[in-house]
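Enquirer: Sequence:
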Amino acid sequence: MTRGEDIAYDLVLVLLSISLLILAIVLIIICRRKPAKSDDHENQLEPPVKLVASSYQLTDIDAATDGFNHRRIIGKGRLGTVYAAISPRGELVAVKRIHPQLVLSNAGFGLEPAVKSRRRGCQRAFIFA
1 MTRGEDIAYD LVLVLLSISL LILAIVLIII CRRKPAKSDD HENQLEPPVK LVASSYQLTD
61 IDAATDGFNH RRIIGKGRLG TVYAAISPRG ELVAVKRIHP QLVLSNAGFG LEPAVKSRRR
121 GCQRAFIFA
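The numbers in the sequence shown follow my numbering, run straight up by one, and end at 129.
Label pairs and their computed distance ranges (CB to CB):
1. Gly90 to Leu27: 48 to 54 angstroms
2. Leu27 to Leu92: 43 to 49 angstroms
3. Arg78 to Cys31: 27 to 33 angstroms
4. Arg33 to Ile86: 46 to 52 angstroms
5. Arg78 to Ser54: 23 to 29 angstroms
6. Arg71 to Arg32: 45 to 51 angstroms
7. Gly90 to Arg33: 47 to 53 angstroms
8. Ser54 to Ile25: 51 to 57 angstroms
9. Ile25 to Met1: 29 to 35 angstroms
10. Ile73 to Ile18: 53 to 59 angstroms
11. Arg32 to Lys76: 36 to 42 angstroms
12. Pro100 to Asn69: 14 to 20 angstroms
In case anyone wonders, no lab produced these hints; they're calculated from the structure. Built from N, CA and C at the ideal position, the CB exists for glycine as well.
Produce the entire structure from the sequences given, and follow the hints as far as they go.
Expert: If you want it as structure tokens, here you go:
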């Protein structure tokens with residue numbers, strides 16, 4: 001390469017580096033910008049939730065989940081296992097069976113049942129220990 005080509009090559013590299021640095025700064029500024037409060041907008045998108053807690057006999061829950069059959073498992077988590085069941089009214093519901101060691105230690109019970117009961121698509125959540 002000649003001296004002129006070296007200078008042109010270095011100039012292009014400097015311009016590319018500066019462009020990348022400016023792009024990074026702009027992206028950081030955009031990402032740090034706090035989003036406008038849209039609580040009202042979000043509440044309008046979600047349908048109203050009817051929080052209902054019903055009490056069922058253990059025999060009804062056992063029958064609805066086929067004795068907590070492993071084929072009815074729809075999820076496992078830190079607190080327990082979730083089973084699909086049919087309620088006495090014929091509705092598809094989720095039954096959560098809490099791990100026995102958590103029940104004995106009374107650990108891990110906080111907001112999770114309230115949060116999960118607000119999810120769309122699940123009309124009712126039973127919690128069984």
